[in-house]
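Here is what each chain is made of, one letter per residue.
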Amino acid sequence: MRLLSPAQAQKVAVATMWTLAAITIGILVFIIGYILVLGLPYVTWSFLTEAPRQMGRSGGILPMIVATVAVAGLAVLIAGPVGVATAVYLTEYTREGRLTSFIRFGADCLAGIPSIIFGLFGFVFFTITLGMGLSVISGALTLALMVLPTIIRTAEVAIRAVPYSYREVSYGLGTTRWQMITKVVLPSALPGICTGVVLSVGRSISETAAVMLTAGSAPRMPESMFDSSRTLALHFYILSREGISMTNAYATASVLIISILSLNVIAYWIMNRFMRRVR
Amino acid sequence: MSSEFKIEAKALNLHYGSFHALKDVNLQIKPKAITAIIGPSGCGKSTMLRCFNRMNELIKTVRVSGQILLDGENIHGSTVELTHLRRRVGMVFQRPNPFPLSVAENVSYGLKVHGLTNRAETEEIVESSLRATNLWDDVKDKLAGPALALSAEQQQRLCISRVVAVKPEVLLMDEPCSALDPIATRHIEELMSYLAEQYTILIVTHNMQQAARVASETAFMLLGDLVEFGPTINIFEKPKDKRTEDYVSGHYG
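Residue numbers (the working numbering), protein chains in the order written: chain A, 1203 to 1481; chain B, 36 to 288.
Don't read these hints as lab results, they were simulated from the structure. Backbone N, C-alpha and C fix where the C-beta goes; we use that ideal spot for every residue, glycine too. Take the hints with a grain of salt, since some may be wrong.
Claimed, not checked - Now the stretches of chain B that chain A is said to cover, found in silico as 3 or more residues with beta-carbon under 8 Å:
| id | stretch |
| --- | --- |
| 1 | 130 to 136 |
| 2 | 248 to 258 |
Claimed, not checked - Across the chosen pairs, the derived CB separations fall in these ranges:
| id | chain 1 | residue 1 | chain 2 | residue 2 | range |
| --- | --- | --- | --- | --- | --- |
| 3 | B | I268 | A | F1304 | 57 to 63 Å |
| 4 | B | E156 | A | W1220 | 58 to 64 Å |
| 5 | A | L1230 | B | D176 | 44 to 50 Å |
| 6 | B | N169 | A | N1466 | 44 to 50 Å |
| 7 | A | W1380 | B | D172 | 48 to 54 Å |
| 8 | B | K95 | A | F1304 | 17 to 23 Å |
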């Protein structure tokens, strides 16, 4: 005897899926809403455009915004080309073999390592051994290593998804492999590559442990790549951890959340526009 | 060096790993005519076609021996540039496969890659290539629109335009109508006959009527052997080989 008829099972399944999805979205909305409700009232123009005073008890977060943009932006500028080039190599220039599985295995291992380990490595290698000190560039290089696996794997998936027929046509028209890659494969894979890059920007912006060990935590405006700085996520951590100002901590968190959300929305919008042109 | 044939295959053998896909094939293709290669699936007809622009070399396990002469010159010769060969010998594939670009960008792709930057000249070639396939009137108002929005037949015409734009001498067509409906098929066949005034065309087809309709010469292949080759009418009406007779009369297998 069946417990449920297929039609009943279908209903139960739909109800279950719906409930679970609703719970997931509910939790997400609750967390974001909670932070925004507590923080947004304190996000004023002067908060965004002033330097912090009294270790962040009052004043604004402008240096942290600059530091975040610098560290995360630089990290992705470094990791993006390296990651995409690796993905192109893996998909277009080698045959499956020991080397490719080793590179892929390595990338997967890197992706699974806790960020604090990257921080420790960056601290020992970039900050001390290479003498870069606690600086924007040390932080950016460390974050670049951290997001590299994400960029490689998303770019690889996107490049593999480009139909083989495009490559055949391109070869058939007498193009070289390199022309085929730059004119056909990469443009077609661009939306997927962008997804990986946006994910990486998000991860870089929200990273705390690794930047604390490499970019430092000085709440001042970085004037060059070799200055130490404090990113938004780290500022939030310090404000709340050391009980300096919970209101400013929530306000900082609100700025962080809003920038990540808008980053995703903008990326989505750009990709949509791009896709509309070709589809 | 000139020759009465555009393409000649001499004692052509091809192996995929240990699989012997083409066995001692000899074939002579007349210029500015349509030659069809027919045969059941897996007989080696597509492999044969892909020898002429060395497309099989994309597969690592392939070994080719024997000669293919294009205008009397060995295409495997050390002085032959692969990119140049493939410009001279263009290919149209089974499924319409435009790039996800605009209509005009699809046609100008080969030109751009080969270094043409003059805009007026590019536009001119785009137009003449689209006219050559009778697509111009359908798409002249949507040149900037996406190629993938066109119908299957229009897409296949576009793919032919894309090849024609780089000014090839030979067109290889690998079952170019198998993804199209009968009316579109008829239109593409008419186009082939028209293009044969200028180009040497080789078509692979599993559709025997198609070969009978468009080709002046037909080759019948079976299990990697070129069984019979001659004027289309002879292949269909008085085949010399029993195997050809069985196949064209539908008794194969």
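message: Holds or violated: the 57 to 63 Å window for the beta-carbon distance between I268/B and F1304/A?
response: Check passed, 60 Å falls within 57 to 63 Å.
field: Status of the given 44 to 50 Å range, CB of N1466/A versus CB of N169/B
entry: Because 46 Å falls inside the window, the suggested range holds.
field: Distance restraint evaluation - W1380/A, D172/B, Cβ atoms, bounds 48 to 54 Å
entry: violated, 37 Å
field: Assessment of proposed distance window 44 to 50 Å (beta carbons of L1230/A, D176/B)
entry: Between L1230/A and D176/B, where Cβ atoms are some 46 Å apart, the hint holds.
message: Using a Cβ cutoff of 8 Å, are there at least 3 residues of the stretch 248 to 258 of chain B near chain A, or does the coverage claim fail?
response: violated (count 0)
field: Range hint compliance [Cβ, K95/B to F1304/A, 17 to 23 Å]
entry: Hint holds: Cβ distance 20 Å, inside 17 to 23 Å.
query: Could one say that the CB atoms of E156/B and W1220/A fall in the range 58 to 64 Å?
result: Since E156/B and W1220/A have Cβ atoms about 59 Å apart, the given range 58 to 64 Å holds.
task: Check whether three or more residues of the stretch 130 to 136 of chain B sit with their beta carbon closer than 8 Å to a beta carbon of chain A.
output: Since three or more residues must qualify, the claim that chain A covers the stretch 130 to 136 of chain B holds, with 5 doing so at under 8 Å.
Hint violations for this structure: numbers 2 and 7, all remaining hints satisfied.
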